[in-house]
Amino acid sequence: MPVTSKIEIKNASITKDSLSRLLKKICKERILIAPVRNDDLDDVNFLPVTNPAQICCDYDNTTTSPKEFFFPQYECMFTFSGTSHESIEAGDDSEEIVLFGLRACDVKAIELLDKFYERNFEDNYYLSKRQKSVIISVACPDLNDQCFCTATETGPLLQDGFDIQLLSSVNAYAVQIGSEKGLQLFEQYQYLFGPPLELDINKLLAQAKKQKAKFNLQKVYENLKQQNVDEDLWEDIGARCQSCGLCLFLCPTCSCYSVKDQKTPPGENRRSRQWDACYFSSITRMAGGNNPIRTNAEMIKRKYQHKLVQQIDEFGTSGCVGCGRCNLACVGNVNWLDNIIKIERAT
Amino acid sequence: MNLQYIPTTCPYCGAGCGFYLKVKDGELAGVAPSKTHPVSQGRLCVKGATAWESVIGADRIKEPLIKKNGKFTKAGWDETLDLVAEKFSKIKENYGPDSLGVWGSARCTNELNYLAQKLARAVFGTNNVDHCARTCHSPTVAGLVRSFGSGAMTNSIDEVKDAACIFAIGSNTPEAHPLIGWRVRTAKDKGAKLIVCDPRKIDTAKYADIHIQHYPGTDIALLNCLMNVIISEGLEDKQYIKTRTEGFEELKKVVAKYTPKYTAPIVGVDADLMVKAARLYAKTKPASTLYTLGITEHTVGTENVMSVANLAMLTGNVGVESGGVNPLRGQNNVQGACDMAALPNFYVGYQKVDNPAIQEKFEKAWAVKLSPKPGLTTTDQVIQAKEGKIKGLYIIGEDPLTSDPNITEVRESLEKLEFLVVHEIYMSPTAEMADVVLPGASFAEKTGSFTNSERRIQLINKAIEPIGNSRPDWQIVCDVATRMGYPFKYPGTAEVMDEIASLAPIYGGISHDRCRKVGLQWPCLDKNHPGTKYLHKGKFTRGLGKFHGIEHRPPAEVPDDEYPFILSTGRMRFHYNVGTMSRRTHLLDREFPFMFVEVSENDGQKLGIRDMDDCQVSTRRGQLKVKARVSDRVKEGVMWMPFHYVEAPANLLTNDAFCPIARTGEYKACAARLEKVS
Ligand code: SF4
Ligand code: SF4
Ligand code: SF4
Chain A
321 MPVTSKIEIK NASITKDSLS RLLKKICKER ILIAPVRNDD LDDVNFLPVT NPAQICCDYD
381 NTTTSPKEFF FPQYECMFTF SGTSHESIEA GDDSEEIVLF GLRACDVKAI ELLDKFYERN
441 FEDNYYLSKR QKSVIISVAC PDLNDQCFCT ATETGPLLQD GFDIQLLSSV NAYAVQIGSE
501 KGLQLFEQYQ YLFGPPLELD INKLLAQAKK QKAKFNLQKV YENLKQQNVD EDLWEDIGAR
561 CQSCGLCLFL CPTCSCYSVK DQKTPPGENR RSRQWDACYF SSITRMAGGN NPIRTNAEMI
621 KRKYQHKLVQ QIDEFGTSGC VGCGRCNLAC VGNVNWLDNI IKIERAT
Chain B
1169 MNLQYIPTTC PYCGAGCGFY LKVKDGELAG VAPSKTHPVS QGRLCVKGAT AWESVIGADR
1229 IKEPLIKKNG KFTKAGWDET LDLVAEKFSK IKENYGPDSL GVWGSARCTN ELNYLAQKLA
1289 RAVFGTNNVD HCARTCHSPT VAGLVRSFGS GAMTNSIDEV KDAACIFAIG SNTPEAHPLI
1349 GWRVRTAKDK GAKLIVCDPR KIDTAKYADI HIQHYPGTDI ALLNCLMNVI ISEGLEDKQY
1409 IKTRTEGFEE LKKVVAKYTP KYTAPIVGVD ADLMVKAARL YAKTKPASTL YTLGITEHTV
1469 GTENVMSVAN LAMLTGNVGV ESGGVNPLRG QNNVQGACDM AALPNFYVGY QKVDNPAIQE
1529 KFEKAWAVKL SPKPGLTTTD QVIQAKEGKI KGLYIIGEDP LTSDPNITEV RESLEKLEFL
1589 VVHEIYMSPT AEMADVVLPG ASFAEKTGSF TNSERRIQLI NKAIEPIGNS RPDWQIVCDV
1649 ATRMGYPFKY PGTAEVMDEI ASLAPIYGGI SHDRCRKVGL QWPCLDKNHP GTKYLHKGKF
1709 TRGLGKFHGI EHRPPAEVPD DEYPFILSTG RMRFHYNVGT MSRRTHLLDR EFPFMFVEVS
1769 ENDGQKLGIR DMDDCQVSTR RGQLKVKARV SDRVKEGVMW MPFHYVEAPA NLLTNDAFCP
1829 IARTGEYKAC AARLEKVS
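Sequences listed follow chains A and B, in order.
At the far end of the first sequence sits residue 667, using the numbering used here, and the numbering has no gaps.
At the far end of the second sequence sits residue 1846, using the numbering used here, and the numbering has no gaps.
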């Protein structure tokens, strides 16, 4: 079963009051996940809420990405006891969830993860959670100084690929419904929605497109593919990277994981998986100690090649959605956006 | 689904990053960085980013254990605590209070350390209380108190990025303190000058303006030489020396001898390079000095520290923003454990135990008679245990059988004890020797506070329930005290902090509530005090800064024909100390799963040893079989080993020669031999 099926876009509207009522209803019937500001430290992150009053509306984007609701940082795959088994049932802890307040880039990131986890081998840990989810995204008013979705064509508002998209207007939101799942949710609460606003979405889209792209993706793609980039850049980034993994853990499209078996007494064993990252040299090291990726420079190049060349070749869309989370997460001051611009200017 | 983000403080190094523990349905499930935290600012090193996994190993100690006929049996808390109280009371009765000792822990909270030293002083009746700072930064406290009057990092972590010059000596900053390493990188990216003095070509050395690769154990000679150049070229800050310091003439006399020509063969560094470094350092201000255990873990540790202080005062770099002398504290709460007086000669807040007025203040506060006699350091407790003078030890969260120098000797000492209690989260070689093992709750399972390297008091919050039947360490200490007839009654750790604030002037304005958001930096004298960003502004804590003229002395053991190498030890980014937590973290252990020794290419060639060959490293105390890592990282004639591996503990090899002032062991230099094993 595909995790989502697109429909022809349907327009509606919802007032700010009705939106609160909608979210209150959803809280009661399903699990609502929305941006919440921490009381002690000021970060905003997606977390389950029990009351819409907990939701933070004033945020650029969250510190961590919403991928963790489908691909958790740490997840038990199954447990077993004894030593020999014909087969073991995979665990499934998926629940009906509604995610509210995602930005366009994060929706596009999840779309990419869908493609990744559906291809070749279907990853049911991911897919079962995705199937039971509906996403209500909110288009961004503006780009901030770190994000760059206009360059990767992943925002700030979406033309397709969403369940429900909200676009802020004066006292109400324009509502667009773009998938079966979105439509079902809409129909369940139809009485809370109003008729389409006199808001020309195409004009908004055209306006958004005019926001200057911070680089030309095609040029970046070509320079990487044709290896036009000076080795010095890779050497420099390689020397800066301290293998903390954070830029990849934070990335909404990174999908690597490592599997670990652990004995948990008394007598039970647990297989779990956790986020892994291609900026650990041990991810490619083989049992004998040999490593096909010999230097840090080769290691760090992979993220650029994978997201900006291979994924474009494979899926037709950029593997980086321009959320900007990784730019200021680095103890070596590796700034992904700055480096992409350097790559663009290589020729 | 119930996912929560619980803000807390990193349990590893002294940088003191903040992050969130992810808790999913009551279990730890990850870590998220915080963009607003003053130290980490959206970043973390790999240990912080994986810290959630470090405390949920299947082999956590889940029940109290009592050794019966040489074997541990599980026991209930009541039975165990009764036994502990009874045994300690008996030893006290039979041999006197000074036959007991308590080891607090730089890994545990301020509240635990305060209560542990109160247990020693008010209940056991002895000042024999200390902690593992003895093995790292005690020379810092001893040295900087003598030079400045206060033994802490002078400036704040975030100031480092704005320094015009950074002088890093004996500090592998990016590996041992990654979030301070980030500031060094940022300063350099902004155009600062960087001088790194280290026997190894560490990451910062690779992008430094000047790398001085001197021999381990020659820091005083090197520093004296830099000062010699500065004074002979008239580059010292004369006004500052005149108005803010004393003892300059004595210093000048001593360093006169250390000309670059005289010093070069001692330190193994080109004379011109030292001249260049001295000029660059003296002319680029503000200059921030960073140092860690490369300075302190020597028989001349305290004097090394005072030499570093000399250099900074000579150029007027103390008491200024983005300057200062900055010992980077290795453990999450080593600063706090010192502040809390898990030290044999101080009450909380560095108030001397042999000062009668102070003694009276604490006797009144605690309503008990106290000993005026300074107690024994951990080093000396071990030595006196061997001599049969120390009979009972209560060790909290430490593993001297992996972390102390010459562990064969330590084992013999601990075997002599009548009663050993170890309080741990995982079994360790030391815990294996104990009569009673008390299962403590980890940082994720309790509340309290840590004080980071820049004196910032920050909270940890309870994210999950204590695992198994373990309990928060502070409660265990309270129960032991209460059962020994001195009730410790605190509703929670916030009230323990209130008592600390009432007794230690430098913590006077600290409370958990005030520390909740971004912490507070001591000195913080009262409830309205905003905390202190950097020390010694306008005036040193001791009044005038004091120069000390110090002569170079070689390490206790120097290379000879039989042991021709200098062996040094240290820390790596992916592991932490004795590895209790990092070795149980999948991604960390995968990256560096085995012990090794670093050797230079030339030495490797001479001995026919290639990268990844099996080899044996021996010293007068023992030998280890390890893999060789041959590279250009270490200086010829020097070998380097990490100390994170219990299965191959580097401290079988290190020398139990100690700094006579601070009693810290010489981990950074001993004589060793290397052989190929076929
Ligand atoms: S690579 Fe960086 S900017 Fe791009 S999607 Fe990932 S985190 Fe966002
Ligand atoms: S954040 Fe920086 S140091 Fe960490 S893995 Fe990414 S590039 Fe490397
Ligand atoms: S730098 Fe230190 S405090 Fe920060 S995450 Fe790493 S180990 Fe923890």
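Hints are supplied without guarantee of correctness; some may be wrong.
[What the hints assert, rightly or not] Quick list of the computed label-pair ranges, beta carbon to beta carbon:
hint, chain 1, residue 1, chain 2, residue 2, range
1, B, K1795, A, S578, 38 to 48 Å
2, B, E1531, A, S401, 32 to 42 Å
3, B, E1815, A, Q582, 11 to 21 Å
4, B, D1377, A, L524, 49 to 59 Å
5, A, Q582, B, E1843, 52 to 62 Å
6, B, N1237, A, R614, 48 to 58 Å
7, B, D1227, A, G608, 23 to 33 Å
8, B, F1762, A, S401, 40 to 50 Å
9, A, T615, B, T1576, 15 to 25 Å
By construction, these hints were calculated from the structure, which means they are not laboratory data.
Backbone N, C-alpha and C fix where the C-beta goes; we use that ideal spot for every residue, glycine too.
These are the hints, each one checked on the structure:
1. A hinted range of 38 to 48 Å is violated for the C-beta pair K1795/B and S578/A, which are about 23 Å apart.
2. One distance hint, 32 to 42 Å for the beta-carbon pair E1531/B and S401/A, is violated here, with the actual separation near 59 Å.
3. For E1815/B paired with Q582/A, a C-beta distance near 20 Å keeps the hint of 11 to 21 Å intact.
4. One distance hint, 49 to 59 Å for the beta-carbon pair D1377/B and L524/A, holds here, with the actual separation near 52 Å.
5. For Q582/A paired with E1843/B, a C-beta distance near 38 Å fails the hint of 52 to 62 Å.
6. Range check, N1237/B to R614/A: Cβ separation about 55 Å, and the 48 to 58 Å hint holds.
7. The beta-carbon spacing between D1227/B and G608/A, approximately 29 Å, falls within the hinted interval of 23 to 33 Å.
8. Checked against the hint of 40 to 50 Å, the C-beta distance between F1762/B and S401/A comes to roughly 31 Å, which is inconsistent with it.
9. Between T615/A and T1576/B the beta carbons are some 41 Å apart, a value that contradicts the proposed interval 15 to 25 Å.
The structure is inconsistent with the numbered hints 1, 2, 5, 8 and 9, although it conforms to all the rest.
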